[in-house]
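Residue 8 in the numbering used here sits at position 8 of the sequence shown, and the numbers go up by one each step.
One should not assume that every hint holds.
[To be verified] Pair ranges (Cβ atoms, derived):
1) Val-85 x Asn-198: 22 to 28 Å
2) Asp-210 x Gly-94: 32 to 38 Å
3) Tyr-82 x Pro-136: 35 to 41 Å
4) Met-46 x Asp-201: 40 to 46 Å
5) Gln-131 x Met-56: 33 to 39 Å
6) Asn-198 x Tyr-82: 20 to 26 Å
7) Asp-201 x Asp-13: 22 to 28 Å
8) Gln-14 x Leu-186: 16 to 22 Å
9) Asn-111 x Ile-91: 22 to 28 Å
10) Gln-212 x Asn-28: 19 to 25 Å
11) Glu-226 x Ala-124: 24 to 30 Å
12) Gly-94 x Asn-188: 25 to 31 Å
13) Pro-209 x Asp-13: 35 to 41 Å
14) Tyr-82 x Pro-209: 39 to 45 Å
[As the list claims (entries may be wrong)] Here are the simulated lysine-lysine pairs, DSS-like style, with alpha carbons at most 27 Å apart:
15) Lys-18 x Lys-55
16) Lys-55 x Lys-206
17) Lys-122 x Lys-164
18) Lys-67 x Lys-55
No wet-lab data here; the hints were simulated from the structure. From the three backbone atoms N, C-alpha and C, an ideal C-beta is built for every residue, glycine too.
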Amino acid sequence: MTYNIQHGRGMDDQFDLKRTASVLTALNPDVVFLQEVDCRRPRTGMRHQPAFLAKMLNMDYAYGAVKHYRPGSYGNAILSLYPIVNYINHILPGEDQRCCLEAEIVTPLSNITVFGLHLGLKAAERYCHLQDIILPRVTAVSSPVILGGDFNARPESNEISLVKDCLQDSFQANSGECTYTFPSDLPNVRIDYIFLNNHWDLNDCKIIPDTQASDHLLLVCEVIFER
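I would like the entire structure built from these sequences, with the hints used as guidance.
As structure tokens, this is what we get:
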């Protein structure tokens, strides 16, 4: 599952992280990629949002900050039903600095490696980050891999085509009932994705409609591990 939570601010302009947690809990996820997560910032009540959400969902978590403030920080998080044994935060340099959080998770079937990212608003930067930093790292992993997050890119973009050359887009399993992820009140574009390497079989992929706890909609993917 991937979800840009907009630091818990919904389309009603209210900060409500318990509402965010309720949306996630209802879907019973195994792994969650989160973007726009605050950590001990005044605007969100000094709450450690990754730890709070992990506790509410009874999950492990990893957090990677990309912007630091006085006090607090802001970045991406990964929640996991299974233990996270290692993680690294890859900083993506640029005018609007972004990051890609990589984590190794121990599941009952196999160790898996997951990458949660939030790319920027400039197409050239997104392409370079994928080509030079993210995809070389992703394709070097021999274990099952999932790459998910807010790519800020349309399906027909060069950036997404680049990823599709290496990985399968989970959205090919979508029924077509709901195809856009942003903005959540009147969605008209898909910019959130989950990609998989060839260790996975796709079972289902869907966007959860009518969820206005953020300005993005949730993208959920159901996969089967292929030994």
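Legend entry - In rising order, the numbers of the hints this structure does not comply with: 3, 7, 11, 13 and 14
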